[in-house]
Amino acid sequence: MTSLSLDAEQLYAELRAGVGRLLTPDTVLVGIWSGGAWLAQRLNADLKTDRPVGTISSTLHRDDFGERGLGAVEAATELPFEIDGARILLVDDVIASGRTIRAVVNELFDYGRPASVELAVMVDRGGRELPIAPVFAAAKLTLPNHQRLSLARESDGRFTFAVKETT
Amino acid sequence: MLARRNPQLNAHGELIHLLSIEGLPRAILTQILDTAGTFLSVNDRDVKKVPLLRGKSVFNLFFENSTRTRTTFEIAAKRLSADVINLDIAKSSASKGESLLDTIANLSAMHADMFVVRHSESGAPYLIARHCAPHVHVVNAGDGRHAHPTQGLLDMYTIRHYKKSFNELTVAIVGDIVHSRVARSDIHALTTLGVPEIRAVGPKTLVPGDLREMGVRVCHDMREGVKDADVIIMLRLQNERMSGAMLPSAGEYFKSYGLTEDLLALAEPDAIVMHPGPINRGVEIDSRVADGSHSVILPQVTFGIAVRMAVMSILAGNDA
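Same order as they appear, the protein sequences are chains Y and E. Count the first sequence with the numbering used here and you get residues 1 to 167, in order. Count the second sequence with the numbering used here and you get residues 1 to 320, in order.
Hints in this document: simulated from the structure, not taken from any laboratory. Just so it is clear, CB atoms sit at the ideal spot from N, CA and C, and this is done for glycine as well. Among the hints, erroneous ones may be present.
[What the hints assert, rightly or not] Covered stretches of chain E, going by a simulated chain Y footprint (3 or more residues, C-beta under 8 Å):
#, segment
1, 46-58
2, 282-296
3, 312-318
Extracted from the complex, chain E is given alone in its bound form (with noise of 0.2 Å):
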């Protein structure tokens, strides 16, 4: 029997789309995390660019927005020489009618070799890789509420950098666990790379029991939750969730599940604070704890951009 094969890999095992970390071996995880730390480096010379794409178009597809997400795929693909085109889909083709699909068309017309896909219906990205031409690789930037595996790498990179290692680290994902694509992607990651304790933290509307069959301890109890972790993942509470019905109030949410520097204190001594941005101060983190020394938001940012140069570049070199 032929056994389906990923879509993200060609017949050698090799990246040729970055769809979902789900899947992916744990060897293509410490590549594109290796070769993101080479990347790093280029920050710090004269010429803060190199030609590994130059030639290359690299679109950026957002019919969701997201400034953020896009800038650092942007200067990423432009610190490789790419020339990058940016469609902000949101308010051109998609709201005259056109499918998806005769948007891709049309576009592989105009000798993409990329695109980044940043879509709310879970799953677009797939689509897209499914039918574009096969010399055209496809970076999914977050879909719906399935997976965002750019921002898992990063946080991996982040966790890597100050942690050294994977196997013997406890990780709080704290929050919004069963909307976020973001905390669906680290916890595939963390799987993958060996963390042996992956503990989700939040309010029972926003952490089903069902998570456990991820193989991750459900907490409700902040305390419990954040008590000897190395690693305290914060996700944003986003505001048309409170509107659902789903929690009283962000001042309520902050009392319960906003980390605090006296929760923090019950951490190991030297864990580390992450959020993939933006962060509401007040509501999810305490500012002293945002702005603290255990804090380390921005420098993800910076990783950020290392990592989709690594994934962006790997792609690039791979045929499918």
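Isolated chain Y, as found in the complex (with noise of 0.2 Å):
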């Protein structure tokens, strides 16, 4: 058991109000596969962009390839916009060592030379592995090595936090 617990909901609102501040008239926003897609679709509904949202994966350009293998691979990217000179704020629920970060901004450049890219996140749970910060988190904490922080999203469509322990 454990005693952290984080309203995801409370938080989403939060990034909600942080993610609308950031926006300027041609920002799109794009989710990291699985939990950020779905903040961003979200968002991108919330926050009544009017422009189509795209998702991303981190799949093709994961450094631990070699240790983990390809697993299943149920995420694909899709950018339903020109990327070329686009303004771009992903959206993931947790940044850790920011590898998945690296990982999907090369992914992204495998489509064009976006403007800019800015990162927004739910909880930046610590722990950073390269100089990546996002410009936007509900919540900072810091976890031990061992727990892992994911989203999940219920039936209807409400956000809830899980820790689980790894081993």
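Work from the hints to combine the two standalone chains into their complex.
Okay, here's the thing in structure tokens:
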């Protein structure tokens, strides 16, 4: 059992406010599969951007492929807009080492040359291993390495956070 | 008693070599097809390359010639950022008398990470898989009459792409089934994926009755063979088979077993026509069918690259 309790809906409200302040008329949201993609879709609807929302996967650029293998490939990158010159705001549920973001930025550049790329997350759990920082985080906390924080989406669309022990 | 493990799988049941579709669980076939779907989109990007095999060396060992298969493996490996070394062994070491295992030992000393093997002897890729270093992966690119698993998988990808699911299909495989490693791989894959009716269609010399033991329906009449089929897989009639006194002539063969528009009209209205290539127009297939709206022969080639990317990246991610 864990004493950590995170109200994902409360954090979502803060994320929505934070992303709302970051949006410019030409910003497009790109969610990182899978938790970030759910967030980006809901943010895009709630903030009424009138622009398509993208989904991006880190699978093909991960640096731990040699250890973890490919695993199940359910994630596919879908960017229904021109990447050249785009102002992109990446959205993810949790940032830790920053390696997913590195992989995702590489993936993004396979599609073109964006004008700018920024990152907003729900939770920054610390433990960075790369010089990468979000421009907005709804919460900052420190979690031990053996705990994994992941976002879940209930059938009614509400978000919850689960903490899992990893071995 | 210790069950003998499939040499293609590690202790966790993960794929480490692709030697044959026979004996692979449905979950692995599905994993390969799903992964191929992801790689198909790589072809649409500005940068048609992903770094999964960066720093790895893939050796194409073709003891038997095949420009098309070798090229698609080469493209697949290059799109995964591997270094590709093509060895036309038919013209080199083997002709100087070097044994297969000596060739492999020498190439392993050059730090190969993956061998893609085409050989006229059935079982040669198994021999290589058994004797190579534990980190080396082997892909069978066609061995004798035995298996051509990546062709079988790309055929399954093509069928799933157009038909969505396997469990209500009638699939007719037409031509020289007995000598065809493609047919054998297709039959194993279709069976594993749950296709209820698989037909083997052709003359008695090329479609013997004992194929029924593989669970297929044997048809020596072409009209009966293609009737109501959802998928028709035409096989290339190899010229050397005809000279073996098995068939009177290419023209005679076409009259009985060539796929024409009239015969195709007996199949389902949305039937697809496949062929592993290279096609012999006017021998096993009429040009109007090969170039017609039911033909998916060229998409097969495109899907083949994605399927080979999937196979190589899955193998490279799994340890022995």
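Quick rundown of the hints versus the structure:
Coverage of the segment 46-58 of chain E by chain Y holds in this model, with 6 residues showing a Cβ closer than 8 Å to a Cβ of that chain against a need of three. Proximity of the segment 282-296 of chain E to chain Y, defined as three or more residues with a beta carbon under 8 Å from a beta carbon of that chain, is not established by the 0 residues found. With a cut-off of 8 Å between beta carbons, the segment 312-318 of chain E has 5 residues touching chain Y; three or more are needed, and the interface restraint holds.
Hint violations for this structure: number 2 only, all remaining hints satisfied.
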